[in-house]
Amino acid sequence: AQSVTQLGSHVSVSEGALVLLRCNYSSSVPPYLFWYVQYPNQGLQLLLKYTSAATLVKGINGFEAEFKKSETSFHLTKPSAHMSDAAEYFCAVREGNRDDKIIFGKGTRLHILP
Amino acid sequence: DTGVSQNPRHKITKRGQNVTFRCDPISEHNRLYWYRQTLGQGPEFLTYFQNEAQLEKSRLLSDRFSAERPKGSFSTLEIQRTEQGDSAMYLCASSRAGTAYNEQFFGPGTRLTVL
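These protein sequences, in sequence, are chains A and W. Numbering follows my numbering, in which position 29 of the first sequence is assigned residue number 29; successive positions increment by one, without gaps. Numbering follows my numbering, in which position 82 of the second sequence is assigned residue number 82; successive positions increment by one, without gaps.
Because the hints were derived from the structure by calculation, they are not lab data. Glycine included, C-beta positions come from ideal geometry on N, C-alpha and C. A portion of the hints provided could be inaccurate.
List of simulated lysine to any residue pairs, SDA-like, C-alpha gap at most 20 Å [stated by the list, open to error]: (1) W:Lys-57 with A:Ser-3; (2) A:Lys-106 with W:Lys-11; (3) W:Lys-11 with A:Asn-41.
The following residues of chain A were derived to be distant from chain W, with all beta-carbon distances above 12 Å [unchecked claim]: (4) Val-4; (5) His-10; (6) Arg-22; (7) Asn-24; (8) Asn-61; (9) Phe-63; (10) Ser-80; (11) Ser-84; (12) Ala-86; (13) Asp-99; (14) Ile-102; (15) Arg-109; (16) Pro-114.
If you want the ones that stay clear, here's a sample from chain W, every Cβ over 12 Å from chain A, calculated [to be verified]: (17) Leu-91; (18) Cys-92; (19) Thr-113.
Let's have the full structure, built from the sequences with the hints guiding it.
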């Protein structure tokens, strides 16, 4: 069975500092992995996705994530945090080889300190 | 592309009442999903449709929950005899079948509060 574990339900960083949100996955098949962001009172928006091509994936708003098979990780990073990055971030994995279902982690709320 | 819309955005009801939520997906998307999200949790899959066919239902979806997508366009999610434990955000998402990575586009959600 596939699953993702997000380490840290809350992360605080100072404005301008590096953002690092951690996600580890478990999958019996080559995974497809996703990061979604949810701003207050809004639905989820896809930030980036890994689908077995390049291991370093660039997304919107300056975010990127690196797929590391040896560590079963897909951590999300951004070099310099901005106040507007404050939101909840969800890591997700495709269920098996299905193209119709993904499984979400519990989320990490990112706080940006002025 | 007008995005996925959900109505109402907020619903407050008394325990035991029935509620119905509506989701309008992106027009060319043939897949439609319902999720439930509670505080501190990620979205939990409830059910999904491809066109008008309901292809899968989670065990989370008790007999009090029913979803329809009668013409393969909008969908409704009804909860009968609501309980306080049903209080949550109900999210709808849509996607197009045939894409390898199944990008789902989410609506803003309907927040249900059961008193």
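Hints, one by one, checked against the model:
Pair hint W:Lys-57 plus A:Ser-3 holds up; C-alpha atoms about 19 Å apart against a cutoff of 20 Å. In summary, the hint linking A:Lys-106 to W:Lys-11 is not supported, as the alpha carbons are separated by about 24 Å, beyond the 20 Å threshold. A C-alpha spacing of about 14 Å is found between W:Lys-11 and A:Asn-41, which places the hinted pair at or below 20 Å, so the restraint holds. Separation of A:Val-4 from chain W is inadequate, the least Cβ-Cβ distance of about 9 Å not exceeding the 12 Å criterion.
Distance check for A:His-10 against chain W: the nearest CB is about 10 Å away, which does not clear 12 Å, and the non-interface claim fails. Distance to chain W confirms A:Arg-22 as a non-interface residue, since its nearest Cβ pair spans about 15 Å, more than 12 Å. Against chain W, the non-interface label of A:Asn-24 holds: every CB pair exceeds 12 Å, the least being about 14 Å. At roughly 17 Å from the closest C-beta of chain W, the C-beta of A:Asn-61 stays outside 12 Å, upholding its exclusion from the interface.
Under the 12 Å C-beta cut-off, the non-interface status given to A:Phe-63 relative to chain W holds; the minimum distance is some 16 Å. With a closest Cβ-Cβ approach of about 26 Å to chain W, A:Ser-80 is found to remain outside the 12 Å limit, as its non-interface label requires. No beta-carbon of chain W comes within 12 Å of the beta-carbon of A:Ser-84; the shortest separation is about 18 Å. Under the 12 Å C-beta cut-off, the non-interface status given to A:Ala-86 relative to chain W holds; the minimum distance is some 17 Å.
At roughly 5 Å, the least C-beta separation between A:Asp-99 and chain W is not larger than 12 Å, which violates its mark as non-interface. At roughly 6 Å, the least C-beta separation between A:Ile-102 and chain W is not larger than 12 Å, which violates its mark as non-interface. With a minimum CB-CB distance of about 9 Å to chain W, A:Arg-109 fails to clear the 12 Å threshold, and the non-interface call is violated. The beta carbon of A:Pro-114 is kept farther than 12 Å from every beta carbon of chain W, the shortest such distance being approximately 25 Å.
Remark: the non-interface label on W:Leu-91 conflicts with the geometry, its nearest Cβ contact in chain A lying 6 Å away (cut-off 12 Å). The beta carbon of W:Cys-92 sits about 8 Å from the closest Cβ of chain A, which is not more than 12 Å, so the claim that it is off the interface is violated. With 12 Å as the threshold on Cβ separation, the claim that W:Thr-113 sits away from chain A holds: the shortest Cβ distance comes to roughly 15 Å.
In this structure, the hints that do not hold are numbers 2, 4, 5, 13, 14, 15, 17, 18, in rising order.
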